[in-house]
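Take the sequences, apply the hints, and build the full model.
Those protein sequence lines, which keep their order, are chains B and H.
The first sequence: position 8 = 21 (my numbering), numbered continuously.
The second sequence: position 125 = 138 (my numbering), numbered continuously.
Simulated from the structure, these hints should not be mistaken for lab results.
Heads up, a few of these hints could be off.
Copies of the same chain are indistinguishable here, so a pair counts whether it falls within one copy or spans any two.
Unchecked claim - Cross-link-like lysine to aspartate or glutamate pairs, in silico, DMTMM-like; alpha carbons within 25 Å at most:
id, residue 1, residue 2
1, Lys-46, Glu-122
2, Lys-31, Glu-299
3, Lys-46, Glu-158
4, Lys-389, Glu-351
5, Lys-46, Asp-295
6, Lys-174, Glu-67
7, Lys-46, Asp-223
There are 2 protein chains.
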Amino acid sequence: MVNVAIIGVGTVGESVVKILQENKDIITARSGKEINPIIGVVRNLDKKRDVNIELTSSVEEVLNRKDVDIVVELMGGVDEPYKVVKTALENGKSVVTANKALLAYHRYELQDIAGNIPFEFEASVAGGIPIITALRDGLSANHIESIKGIMNGTSNYMLTKMINEGIDFQTILKEAQDLGYAEADPTFDIGGFDAGHKLLILASIAYGIDAKPEDILIEGIEQISNEDIQFAKEFGYSIKLLGIAKRIGDEVELRVHSTMIPNSEMIAKIDGVMNGVSVIGDRVGETLYYGAGAGGDATASAVVANIIDIVRHDKKSPMLGFKKPLENTKLTLKPTGEIETHYYVRIEVKDRAGVLAEISKIFGEFGISIETMLQKNIDDNSANLLILTHLTKEKFILNAIQKIAKLDSVNSNPYMIRVEK
Amino acid sequence: MVNVAIIGVGTVGESVVKILQENKDIITARSGKEINPIIGVVRNLDKKRDVNIELTSSVEEVLNRKDVDIVVELMGGVDEPYKVVKTALENGKSVVTANKALLAYHRYELQDIAGNIPFEFEASVAGGIPIITALRDGLSANHIESIKGIMNGTSNYMLTKMINEGIDFQTILKEAQDLGYAEADPTFDIGGFDAGHKLLILASIAYGIDAKPEDILIEGIEQISNEDIQFAKEFGYSIKLLGIAKRIGDEVELRVHSTMIPNSEMIAKIDGVMNGVSVIGDRVGETLYYGAGAGGDATASAVVANIIDIVRHDKKSPMLGFKKPLENTKLTLKPTGEIETHYYVRIEVKDRAGVLAEISKIFGEFGISIETMLQKNIDDNSANLLILTHLTKEKFILNAIQKIAKLDSVNSNPYMIRVEK
Numbered sequence: 014m015v016n017v018a019i020i021g022v023g024t025v026g027e028s029v030v031k032i033l034q035e036n037k038d039i040i041t042a043r044s045g046k047e048i049n050p051i052i053g054v055v056r057n058l059d060k061k062r063d064v065n066i067e068l069t070s071s072v073e074e075v076l077n078r079k080d081v082d083i084v085v086e087l088m089g090g091v092d093e094p095y096k097v098v099k100t101a102l103e104n105g106k107s108v109v110t111a112n113k114a115l116l117a118y119h120r121y122e123l124q125d126i127a128g129n130i131p132f133e134f135e136a137s138v139a140g141g142i143p144i145i146t147a148l149r150d151g152l153s154a155n156h157i158e159s160i161k162g163i164m165n166g167t168s169n170y171m172l173t174k175m176i177n178e179g180i181d182f183q184t185i186l187k188e189a190q191d192l193g194y195a196e197a198d199p200t201f202d203i204g205g206f207d208a209g210h211k212l213l214i215l216a217s218i219a220y221g222i223d224a225k226p227e228d229i230l231i232e233g234i235e236q237i238s239n240e241d242i243q244f245a246k247e248f249g250y251s252i253k254l255l256g257i258a259k260r261i262g263d264e265v266e267l268r269v270h271s272t273m274i275p276n277s278e279m280i281a282k283i284d285g286v287m288n289g290v291s292v293i294g295d296r297v298g299e300t301l302y303y304g305a306g307a308g309g310d311a312t313a314s315a316v317v318a319n320i321i322d323i324v325r326h327d328k329k330s331p332m333l334g335f336k337k338p339l340e341n342t343k344l345t346l347k348p349t350g351e352i353e354t355h356y357y358v359r360i361e362v363k364d365r366a367g368v369l370a371e372i373s374k375i376f377g378e379f380g381i382s383i384e385t386m387l388q389k390n391i392d393d394n395s396a397n398l399l400i401l402t403h404l405t406k407e408k409f410i411l412n413a414i415q416k417i418a419k420l421d422s423v424n425s426n427p428y429m430i431r432v433e434k
Numbered sequence: 014m015v016n017v018a019i020i021g022v023g024t025v026g027e028s029v030v031k032i033l034q035e036n037k038d039i040i041t042a043r044s045g046k047e048i049n050p051i052i053g054v055v056r057n058l059d060k061k062r063d064v065n066i067e068l069t070s071s072v073e074e075v076l077n078r079k080d081v082d083i084v085v086e087l088m089g090g091v092d093e094p095y096k097v098v099k100t101a102l103e104n105g106k107s108v109v110t111a112n113k114a115l116l117a118y119h120r121y122e123l124q125d126i127a128g129n130i131p132f133e134f135e136a137s138v139a140g141g142i143p144i145i146t147a148l149r150d151g152l153s154a155n156h157i158e159s160i161k162g163i164m165n166g167t168s169n170y171m172l173t174k175m176i177n178e179g180i181d182f183q184t185i186l187k188e189a190q191d192l193g194y195a196e197a198d199p200t201f202d203i204g205g206f207d208a209g210h211k212l213l214i215l216a217s218i219a220y221g222i223d224a225k226p227e228d229i230l231i232e233g234i235e236q237i238s239n240e241d242i243q244f245a246k247e248f249g250y251s252i253k254l255l256g257i258a259k260r261i262g263d264e265v266e267l268r269v270h271s272t273m274i275p276n277s278e279m280i281a282k283i284d285g286v287m288n289g290v291s292v293i294g295d296r297v298g299e300t301l302y303y304g305a306g307a308g309g310d311a312t313a314s315a316v317v318a319n320i321i322d323i324v325r326h327d328k329k330s331p332m333l334g335f336k337k338p339l340e341n342t343k344l345t346l347k348p349t350g351e352i353e354t355h356y357y358v359r360i361e362v363k364d365r366a367g368v369l370a371e372i373s374k375i376f377g378e379f380g381i382s383i384e385t386m387l388q389k390n391i392d393d394n395s396a397n398l399l400i401l402t403h404l405t406k407e408k409f410i411l412n413a414i415q416k417i418a419k420l421d422s423v424n425s426n427p428y429m430i431r432v433e434k
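So, in structure tokens, the structure goes:
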């Protein structure tokens with residue numbers, strides 16, 4: 014018999030309890046033991062909850078209970094859960110968490126603290142999709158060349174609506190908020206931070222690389238206009254908020270941003286609130302994992318899978334697949350400015366002679382060559398220049414854009430979307 | 014240090030040796046130990062092989078070597094590998110196999126023989142896609158509602174070409190043979206048997222159900238005509254050779270056949286030689302796994318992942334996820350005739366008055382109601398009737414078709430494609 018404590022009994026916690034109780038037949042058959050959720054910790058004992066287990070408001074009590082074998086951390090936040098997980102591990106209890114922010118900041122310390130005690134976190138990336146298992150165990154024979162993930166359902170829902178139905182950003186944001194897909198303050202989702210946390214976790218498993226959210230390029234989808242979407246459609250691209258990890262030589266790029274990708278790629282076909290992660294290994298080629306990235310039951314499916322795994326296996330590999338720092342390879346994080354890709358740039362200009370020449374000249378100064386340029390008139394006096402560049406470095410495009418923004422003939426700050434082909 | 018012997022050094026075996034040697038840095042970092050391929054067994058020692066390890070023609074010698082820890086079985090066939098795997102396990106050696114036919118027939122005996130000795134088989138289904146890991150470990154919290162898999166690249170390549178380029182079956186078969194995608198005798202692939210073996214393996218993991226290839230419905234893609242493809246396109250369907258496992262109450266359907274599926278489904282979007290498996294769990298909803306289903310490197314990627322897994326973990330759950338017979342649930346195989354789905358039926362008829370009435374009457378006799386019917390003239394004297402039915406049972410449609418085939422006004426045996434919506 015294995016006893017589980019749930020710290021934080023919200024939507025996901027309720028689902029964890031229910032799955033353990035309602036799918037007991039299959040879970041016992043698969044794990045070979047009876048797994049019981051015995052206690053839940055909540056902040057407010059007065060709030061009605063839809064679960065059938067004992068509740069307490071004392072975390073300490075639960076962490077010290079001898080009969081608790083596995084602690085499931087579903088509190089949210091970073092500092093509090095860090096203390097809870099640390100204490101649980103120090104008390105010899107296995108831990109399962111769905112907390113991506115905790116791991117984005119403290120995964121390597123926690124791996125050290127855990128040692129041989131199982132500490133699992135499948136639900137922290139892409140909800141119900143077993144991407145951690147796939148990457149850490151299923152693709153372990155490969156050097157990972159790249160990871161491209163749609164890991165935020167809110168953003169993907171909004172982008173899908175903007176592309177398929179031509180709805181503008183503000184309208185669809187409001188709709189997403191009404192449907193409960195987006196928070197009142199949506200920054201964490203649509204600003205790319207949520208995806209950034211997840212990307213850092215995957216990057217540790219793929220590359221054994223340590224980085225914090227502050228270290229990497231994170232941009233959101235807030236400034237995408239219908240003009241950009243029209244351009245993407247015209248040239249056979251979709252626009253997705255992607256978390257991208259890519260190894261080039263001894264450097265790893267980590268970045269989150271809205272991205273134009275060819276419609277022919279599998280990941281371009283993932284619409285609505287669904288998540289998907291494409292992983293390219295040097296031996297297996299591309300594999301892709303698709304499913305629900307959020308929601309109580311889907312997330313809890315991953316949490317319970319981790320619990321079963323802990324019960325089934327005597328000992329696991331290091332939590333992140335290998336120890337930090339990765340001893341026998343020397344991967345380092347590529348500086349943001351050195352990232353090389355194609356760029357789409359939208360520049361609103363005054364419609365007068367010589368503008369094109371001025372802008373082309375600046376691109377030329379930074380060695381940026383242009384693949385395609387379209388001019389779309391806005392009114393009699395102004396137009397949008399939509400430019401697709403050949404491969405260039407982030408620092409060059411940023412410098413060029415900065416210089417272009419200062420031109421008299423340019424109406425507002427240029428906007429760019431990175432392009433992955 | 015862990016030593017690996019490879020029994021059967023063909024394309025996949027060569028790739029296994031190369032990955033272990035060439036990706037040693039990452040494999041050592043991930044497994045925490047050095048893993049060495051030390052010997053390979055081949056039938057013909059004179060044949061030149063592209064590997065850098067000792068070769069022998071004596072399986073017995075290798076199975077008895079004390080310094081061999083893990084045996085990789087890549088021989089092909091059923092009876093011989095069964096003996097080899099059995100002896101290896103009895104000698105206490107861990108086993109990794111890519112052999113789907115072996116498992117389609119002997120997976121439960123081998124699980125019993127293995128006991129606590131690791132026996133892994135990720136490469137046996139869908140090549141490099143870690144679908145076994147995903148299903149057995151990642152989705153273990155779920156009752157599996159259904160599995161729908163494109164698990165044969167040859168068939169998918171041919172169907173994609175037929176649909177996208179309008180090439181007929183015989184022409185594309187020859188092309189696939191020239192490209193090495195199809196064997197000289199392509200029956201195993203295009204007749205659905207390869208997919209059938211794989212489906213049985215997945216069904217054991219999902220449902221703990223024992224069945225052999227002879228027990229289940231297996232049909233191929235040989236009779237699909239351009240007419241069928243036109244119809245599918247017109248009504249928004251794609252045609253795929255699917256392996257389908259579906260639980261309805263206490264019964265499990267297992268079947269392989271060409272299937273019309275709505276273009277909007279993710280699995281309909283998997284084209285060419287690629288494989289993909291969609292799994293619906295009662296908690297997680299749909300998840301999908303996509304990648305290369307064949308090829309030396311992709312298959313070897315899965316074999317080596319299993320080797321790493323064995324080295325990393327002290328003990329694994331039962332090989333198939335749970336023991337046979339599944340003790341605390343009572344799932345049985347649904348008889349083929351009781352399978353219920355929609356059907357597309359193509360009937361070539363003489364173009365004369367009353368034919369439609371005759372055919373409709375027979376459908377009516379068996380309680381089959383028609384959703385759509387199209388008549389496409391072939392010439393002045395004959396036409397194809399293309400019919401889409403509402404939900405009905407396999408036994409009813411088979412009986413109706415048998416009766417329709419005997420009508421004077423029907424030119425040849427009707428052909429049907431099952432439809433999954």
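Quick rundown of the hints versus the structure:
1. Proximity of Lys-46 and Glu-122 under a CA criterion of 25 Å is satisfied inter-copy only: 23 Å between copies versus 31 Å inside one chain copy.
2. Taking the shortest Cα distances, Lys-31 and Glu-299 sit within 25 Å of each other only across copies (19 Å), while inside one copy they are farther apart (36 Å).
3. Within a single copy, Lys-46 and Glu-158 get their C-alpha atoms only as close as 39 Å, which misses the 25 Å cut-off; across copies the closest is 23 Å, which meets it.
4. Taking the shortest alpha-carbon separations for Lys-389 and Glu-351, neither the intra-copy value of 31 Å nor the inter-copy value of 60 Å comes in at or below 25 Å.
5. Taking the closest pair of Cα atoms, Lys-46 and Asp-295 come within 25 Å of each other only across two copies (21 Å); inside a single copy the shortest separation is 39 Å, beyond that limit.
6. For the identical chains of this complex, Lys-174 and Glu-67 are neighbours neither inside a copy (43 Å) nor across copies (59 Å), given an alpha-carbon limit of 25 Å.
7. Taking the shortest Cα distances, Lys-46 and Asp-223 sit within 25 Å of each other only across copies (22 Å), while inside one copy they are farther apart (36 Å).
Violation of the numbered hints given earlier is confined to hints 4 and 6; the remaining hints are satisfied by the structure.
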